[in-house]
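Participant: Sequence:
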Amino acid sequence: MPPTLQRKLILTDESLCPMITIEGARERLPGHDEDDILALIEEGAIEFAWNIGLGERREVRMLKRAVEFCAATGGARRLNWSDARVAAEVLKGSDKPWIEGVRLKLLLNCSSTQVISLVEAKALAVMPGTSWDRGPGNSPQISTESFKRFLVTRRIL
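Sequential numbering of the sequence shown, starting at 1, is according to the numbering used here.
Calculated from the structure, these hints are not laboratory results. Think of the CB as a built atom: it goes at the ideal place given N, C-alpha and C, for glycine as much as any other residue. Check before you lean on any hint, since a few could be wrong.
Said to hold, decoys possible - Listed below are the simulated DSBU-like cross-link pairs for lysine-lysine, each with C-alpha atoms no more than 30 Å apart in a straight line:
#, residue 1, residue 2
1, Lys64, Lys105
2, Lys122, Lys92
3, Lys148, Lys96
4, Lys148, Lys122
Claimed, not checked - What follows is a list of derived Cβ distance ranges for each label pair:
#, residue 1, residue 2, range
5, Gly74, Glu120, 33 to 43 Å
6, Ala72, Met127, 35 to 45 Å
7, Thr73, Glu120, 33 to 43 Å
8, Arg28, Met127, 27 to 37 Å
9, Ser82, Glu59, 19 to 29 Å
10, Glu59, Gly93, 17 to 27 Å
11, Glu68, Arg155, 11 to 21 Å
12, Glu43, Glu100, 28 to 38 Å
Whole structure, please, built from the sequences with the hints as guidance.
Facilitator: Rendered as structure tokens:
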């Protein structure tokens with residue numbers, strides 16, 4: 001009989017998923033295609049969006065609350081949050097000087113490979129004295145300050 005694989009514990013805490021993809025925004029803004037969503041970002045109707053991609057590859061993530069606010073107001077009003085307020089919204093419940101890579105992939109709504117690629121590209125900094133590698137149980141500890149800088153430098157508009 002083959003060994004039973006342990007299933008991943010599914011986390012349903014909404015605070016762990018503050019960002020959504022273009023597809024997620026399309027669900028919340030029916031009738032809009034990808035070009036419409038990108039236009040809403042460029043016009044400022046969706047205020048908080050980031051390119052988390054590397055090189056030529058663009059991977060857009062948006063603050064879920066900003067998309068929902070745009071849907072509720074038709075893009076006529078702005079959240080007008082500061083960078084500190086956005087960081088607090090994204091990092092809700094965390095007061096440590098570091099973020100586990102496994103948590104960061106949930107926050108950014110991306111794969112662990114993307115998190116590692118961002119670390120390797122020096123877009124995110126690992127805490128001094130910590131070691132990490134690819135694979136289960138080897139998650140990097142990302143500096144919270146480097147993540148906050150990432151949110152500022154990768155913001156679209």
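Participant: None of the hints should be skipped; say for each whether it holds.
Facilitator: Each hint tested on the structure:
1. For the hint pairing Lys64 with Lys105, the CA-to-CA distance comes to about 15 Å; that is within 30 Å, so the pair holds.
2. Only pairs whose Cα atoms come within 30 Å are accepted, and Lys122 paired with Lys92 is accepted, the gap being roughly 24 Å.
3. Annotation: proposed proximity of Lys148 to Lys96 holds, straight-line Cα distance about 13 Å (limit 30 Å).
4. Proximity of Lys148 to Lys122 is assessed by CA-CA distance (about 14 Å); at most 30 Å being required, the pair is judged to hold.
5. With their beta carbons about 41 Å apart, Gly74 and Glu120 fall inside the hinted range of 33 to 43 Å.
6. Our hint of 35 to 45 Å for Ala72 and Met127 holds, since their Cβ atoms are close to 38 Å apart.
7. Range check, Thr73 to Glu120: about 39 Å between beta-carbon atoms, so the 33 to 43 Å window is met.
8. Between Arg28 and Met127, the C-beta spacing of about 35 Å keeps the proposed range 27 to 37 Å intact.
9. For Ser82 and Glu59, the Cβ-Cβ distance of about 24 Å falls inside the hinted range of 19 to 29 Å, so the restraint holds.
10. With their beta carbons about 25 Å apart, Glu59 and Gly93 fall inside the hinted range of 17 to 27 Å.
11. For the hinted restraint 11 to 21 Å between Glu68 and Arg155, the CB-CB distance of approximately 18 Å keeps it satisfied.
12. A hinted range of 28 to 38 Å for the beta carbons of Glu43 and Glu100 is consistent with their spacing of about 35 Å.
The structure fails none of the hints (numbered hints given earlier).
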